[in-house]
Amino acid sequence: MENGYQEKVILVTGGSGLVGNGIKYAVENGEQRKGEKWIYATSKDGDLTDLESTRAMFAMFQPTHVIHLAAKVGGLFGNLKANLEFLRKNIIINDNVLRTAHENNVQHVVSCLSTCIFPDKTTYPINETMVHNGPPHDSNYGYSYAKRMIDIMNRGYNQEHGRNYTSVIPTNVFGPEDNFNLEEGHVLPGLIHKVYQAKKEGKPLTVWGTGKPLRQFIYSRDLGRLIVWVLREYKETEPIILSVGEEDETSIKEAAEKVAEAMDFKNGLIFDTTKSDGQYKKTADNAKLRRYLPDFKFTPIGEALKETCDWFVANYETARK
Amino acid sequence: MACTKKVILVTGGTGLVGQGIKSAAEQNPQPNEEFIFLSSKDADLTSREATKSIFEKHRPTHVIHLAAKVGGLYGNMRANLQFFRINMSINDNVLSVSQEYGVKKVVSCLSTCIFPDKTSYPIDETMIHNGAPHTSNYGYSYAKRMIDVLNKGYNQQHGTNYTAVVPTNVFGPHDNFNLEEGHVMPGLIHKVYKCKENNTPLTVWGTGSARRQFIYSLDLGRLFLWVLREYQETEPIILSVGEEDEISIKTAAELVAKGFDYEGEFVYDTTRSDGQYKKTASNSKLRKYLPEFKFTPIDEAIRATCQWFSEHYKEARV
Numbered sequence: 039m040e041n042g043y044q045e046k047v048i049l050v051t052g053g054s055g056l057v058g059n060g061i062k063y064a065v066e067n068g069e070q071r072k073g074e075k076w077i078y079a080t081s082k083d084g085d086l087t088d089l090e091s092t093r094a095m096f097a098m099f100q101p102t103h104v105i106h107l108a109a110k111v112g113g114l115f116g117n118l119k120a121n122l123e124f125l126r127k128n129i130i131i132n133d134n135v136l137r138t139a140h141e142n143n144v145q146h147v148v149s150c151l152s153t154c155i156f157p158d159k160t161t162y163p164i165n166e167t168m169v170h171n172g173p174p175h176d177s178n179y180g181y182s183y184a185k186r187m188i189d190i191m192n193r194g195y196n197q198e199h200g201r202n203y204t205s206v207i208p209t210n211v212f213g214p215e216d217n218f219n220l221e222e223g224h225v226l227p228g229l230i231h232k233v234y235q236a237k238k239e240g241k242p243l244t245v246w247g248t249g250k251p252l253r254q255f256i257y258s259r260d261l262g263r264l265i266v267w268v269l270r271e272y273k274e275t276e277p278i279i280l281s282v283g284e285e286d287e288t289s290i291k292e293a294a295e296k297v298a299e300a301m302d303f304k305n306g307l308i309f310d311t312t313k314s315d316g317q318y319k320k321t322a323d324n325a326k327l328r329r330y331l332p333d334f335k336f337t338p339i340g341e342a343l344k345e346t347c348d349w350f351v352a353n354y355e356t357a358r359k
Numbered sequence: 003m004a005c006t007k008k009v010i011l012v013t014g015g016t017g018l019v020g021q022g023i024k025s026a027a028e029q030n031p032q033p034n035e036e037f038i039f040l041s042s043k044d045a046d047l048t049s050r051e052a053t054k055s056i057f058e059k060h061r062p063t064h065v066i067h068l069a070a071k072v073g074g075l076y077g078n079m080r081a082n083l084q085f086f087r088i089n090m091s092i093n094d095n096v097l098s099v100s101q102e103y104g105v106k107k108v109v110s111c112l113s114t115c116i117f118p119d120k121t122s123y124p125i126d127e128t129m130i131h132n133g134a135p136h137t138s139n140y141g142y143s144y145a146k147r148m149i150d151v152l153n154k155g156y157n158q159q160h161g162t163n164y165t166a167v168v169p170t171n172v173f174g175p176h177d178n179f180n181l182e183e184g185h186v187m188p189g190l191i192h193k194v195y196k197c198k199e200n201n202t203p204l205t206v207w208g209t210g211s212a213r214r215q216f217i218y219s220l221d222l223g224r225l226f227l228w229v230l231r232e233y234q235e236t237e238p239i240i241l242s243v244g245e246e247d248e249i250s251i252k253t254a255a256e257l258v259a260k261g262f263d264y265e266g267e268f269v270y271d272t273t274r275s276d277g278q279y280k281k282t283a284s285n286s287k288l289r290k291y292l293p294e295f296k297f298t299p300i301d302e303a304i305r306a307t308c309q310w311f312s313e314h315y316k317e318a319r320v
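Chains as they are written, first to last, in the working numbering: chain A, 39 to 359; chain B, 3 to 320.
Honestly, the hints are just simulated from the structure, not real lab data.
There could be a bad hint or two in this list.
What the hints assert, rightly or not - List time: in silico DSS-like cross-link candidates among lysine-lysine, alpha-carbon distance up to 30 Å:
| hint | chain 1 | residue 1 | chain 2 | residue 2 |
| --- | --- | --- | --- | --- |
| 1 | A | Lys326 | B | Lys290 |
| 2 | B | Lys59 | B | Lys198 |
| 3 | B | Lys252 | A | Lys319 |
| 4 | A | Lys119 | B | Lys54 |
| 5 | B | Lys24 | B | Lys196 |
| 6 | B | Lys54 | A | Lys127 |
| 7 | B | Lys24 | B | Lys43 |
| 8 | B | Lys252 | A | Lys127 |
| 9 | A | Lys359 | A | Lys82 |
| 10 | B | Lys120 | A | Lys273 |
| 11 | B | Lys280 | A | Lys159 |
| 12 | B | Lys120 | A | Lys159 |
| 13 | B | Lys252 | B | Lys196 |
| 14 | B | Lys287 | A | Lys159 |
| 15 | A | Lys119 | A | Lys159 |
| 16 | A | Lys232 | A | Lys326 |
| 17 | A | Lys304 | A | Lys326 |
| 18 | A | Lys159 | B | Lys281 |
| 19 | B | Lys120 | A | Lys320 |
| 20 | A | Lys159 | B | Lys290 |
| 21 | A | Lys250 | A | Lys344 |
| 22 | B | Lys260 | B | Lys281 |
| 23 | A | Lys119 | A | Lys319 |
| 24 | B | Lys198 | A | Lys127 |
| 25 | B | Lys106 | A | Lys110 |
| 26 | A | Lys320 | A | Lys232 |
| 27 | A | Lys110 | B | Lys54 |
| 28 | B | Lys59 | A | Lys119 |
What the hints assert, rightly or not - Over the 10 Å line for every Cβ pair with chain A, so calculated as not near, a few chain B residues:
| hint | residue |
| --- | --- |
| 29 | Ser25 |
| 30 | Pro33 |
| 31 | Ile38 |
| 32 | Ala52 |
| 33 | Phe86 |
| 34 | Gly133 |
| 35 | Gln159 |
As the list claims (entries may be wrong) - Quick partial rundown of chain A residues pointing at chain B, CB under 10 Å, derived from the structure:
| hint | residue |
| --- | --- |
| 36 | Phe124 |
| 37 | Ile130 |
| 38 | Gly180 |
For each residue, glycine too, the CB sits at the ideal point set by N, CA and C.
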């Protein structure tokens with residue numbers, strides 16, 4: 039039962055992370071509607087690996103909608119060592135959240151997948167129908183399979199109970215409140231942190247690889263707006279990729295140059311070509327998104343990086359690194 | 003070490019496959035092996051506490067994990083979510099409790115029905131995750147596939163030897179002979195039994211030309227014991243007769259008729275679907291390990307099963 043005057047309570051699990059903060063920013067800067075109460079839960083509010091704790095959280099917050107972002111995540115090396123834990127913990131978290139949502143008659147849950155869960159051997163561009171078409175990359179198969187099973191459960195809840203449980207697939211997200219740790223973090227926060235350090239030390243920035251590989255980056259605040267749209271309007275069970283298009287892929291070199299510009303870094307870039315580039319392109323297709331939202335405007339990447347760098351510099355002491 | 007006592011817990015031990023293992027173990031006992039065949043009455047494996055209690059009680063050194071929520075085509079189609087969640091829960095409980103209790107070897111049971119729907123034939127062990135399974139039972143299929151993923155995780159993280167087998171169509175005593183829910187061979191057996199009793203012709207659904215690989219539960223039992231004792235890989239192993247021993251549904255029906263000395267007429271209801279013509283699974287991995295393994299000749303196996311059914315009709319699952 040949804041009408042403009044009935045209070046909606048939207049629970050965002052994993053609400054204090056990169057994506058959660060992107061949603062929060064979007065909500066607080068134009069997306070909030072009358073009668074909506076947004077709750078950004080963190081691990082302090084409950085242990086989602088524990089069913090009773092999950093139930094207590096739902097009893098306390100009484101959500102009508104859920105955006106499920108909470109997960110055990112980690113960088114390449116974290117995953118490599120502990121695929122079993124990543125698999126089991128995430129399966130338990132996801133099962134607890136979905137079943138408790140169902141028990142509480144929550145009609146709409148939007149979960150968060152990732153392009154890293156797609157089949158390792160695949161054609162490009164990848165699209166939403168391809169998620170299960172082969173095994174994921176071996177380095178993080180535990181995390182990947184657990185995320186894939188969200189899609190399976192969404193299907194099951196929809197078929198058996200008529201629930202609108204669905205998921206989104208962002209490409210590389212960046213923004214304020216990211217994990218800027220050089221070991222565990224992803225490429226853009228890593229570059230930002232490295233430039234910060236290189237600037238302090240008066241050194242040039244060393245970028246691993248040739249800088250040629252292309253990636254689709256999505257600003258967390260744009261992602262936030264899109265996830266809010268998915269929550270309100272998207273009715274499909276099948277996931278939806280949330281990303282800039284192929285035409286907006288950015289090379290690592292270009293990303294590094296924009297970060298340097300944003301941070302007024304003048305010591306120069308060095309490309310260590312002895313290091314691996316990884317894959318040249320991993321293009322994800324955003325045609326489905328464009329069919330729904332042909333006019334959606336992403337924040338230009340230079341601007342988004344400037345905002346992120348400014349945030350990092352201003353919040354260096356407390357930033358996760 | 004041959005002298006170390008093995009306590010082998012068999013979950014789902016009272017079913018078709020469990021009883022096949024039981025017969026095989028009785029035929030070829032090893033003095034240091036003690037088998038415990040569990041049923042759902044002994045423990046609700048969807049409860050972690052109950053699973054722990056049963057492990058605490060028996061302190062197994064090895065586990066053969068057969069227990070699952072299973073159902074026919076219609077049961078699955080209606081309830082994929084349940085089949086997924088209940089089986090995920092059972093499998094996670096059995097494997098995690100096994101690891102907690104220091105069980106070094108767990109042999110779980112997959113199924114050829116979990117393979118990708120769109121695939122080339124023959125299918126082999128490397129192909130399990132290469133695409134989505136058939137939509138009718140995706141819940142069951144993904145839960146079974148996750149056993150293989152968990153096995154890999156446990157072995158990498160804990161140095162265990164958790165693995166799985168993939169049988170093709172199993173048949174034998176103690177099967178589910180229910181005509182709605184059961185599989186093709188027990189279905190034929192039940193039908194011929196009734197046709198003989200009522201002196202009516204046998205209706206076989208389809209043209210009878212579809213071909214299948216059948217494995218007798220006693221042979222499967224013998225192979226399970228070999229896997230338990232000798233097979234060290236994490237990757238699953240298909241347990242089946244070879245392609246050369248595929249038989250048509252028509253041949254299967256004829257052998258069942260012989261098994262009951264039924265001489266009535268066969269009617270082929272060609273308005274019914276044949277299903278897939280062939281679904282050949284490759285048994286070359288098994289043959290690399292056991293080139294000399296002799297399967298029970300199919301006519302003998304079918305006859306023995308028909309005899310069992312006649313003798314146990316009252317208690318059989320019909």
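For each hint, the structure was consulted:
no. : hint                 : verdict
1   : A:Lys326 to B:Lys290 : 48 Å, violated
2   : B:Lys59 to B:Lys198  : 47 Å, violated
3   : B:Lys252 to A:Lys319 : 53 Å, violated
4   : A:Lys119 to B:Lys54  : 27 Å, holds
5   : B:Lys24 to B:Lys196  : 29 Å, holds
6   : B:Lys54 to A:Lys127  : 19 Å, holds
7   : B:Lys24 to B:Lys43   : 18 Å, holds
8   : B:Lys252 to A:Lys127 : 49 Å, violated
9   : A:Lys359 to A:Lys82  : 20 Å, holds
10  : B:Lys120 to A:Lys273 : 28 Å, holds
11  : B:Lys280 to A:Lys159 : 27 Å, holds
12  : B:Lys120 to A:Lys159 : 16 Å, holds
13  : B:Lys252 to B:Lys196 : 18 Å, holds
14  : B:Lys287 to A:Lys159 : 24 Å, holds
15  : A:Lys119 to A:Lys159 : 22 Å, holds
16  : A:Lys232 to A:Lys326 : 36 Å, violated
17  : A:Lys304 to A:Lys326 : 41 Å, violated
18  : A:Lys159 to B:Lys281 : 25 Å, holds
19  : B:Lys120 to A:Lys320 : 25 Å, holds
20  : A:Lys159 to B:Lys290 : 28 Å, holds
21  : A:Lys250 to A:Lys344 : 22 Å, holds
22  : B:Lys260 to B:Lys281 : 26 Å, holds
23  : A:Lys119 to A:Lys319 : 26 Å, holds
24  : B:Lys198 to A:Lys127 : 55 Å, violated
25  : B:Lys106 to A:Lys110 : 27 Å, holds
26  : A:Lys320 to A:Lys232 : 24 Å, holds
27  : A:Lys110 to B:Lys54  : 26 Å, holds
28  : B:Lys59 to A:Lys119  : 33 Å, violated
29  : Ser25                : 35 Å, holds
30  : Pro33                : 35 Å, holds
31  : Ile38                : 26 Å, holds
32  : Ala52                : 16 Å, holds
33  : Phe86                : 6 Å, violated
34  : Gly133               : 5 Å, violated
35  : Gln159               : 4 Å, violated
36  : Phe124               : 9 Å, holds
37  : Ile130               : 8 Å, holds
38  : Gly180               : 6 Å, holds
Violated hints, in rising order: 1, 2, 3, 8, 16, 17, 24, 28, 33, 34, 35; the structure is consistent with all others.
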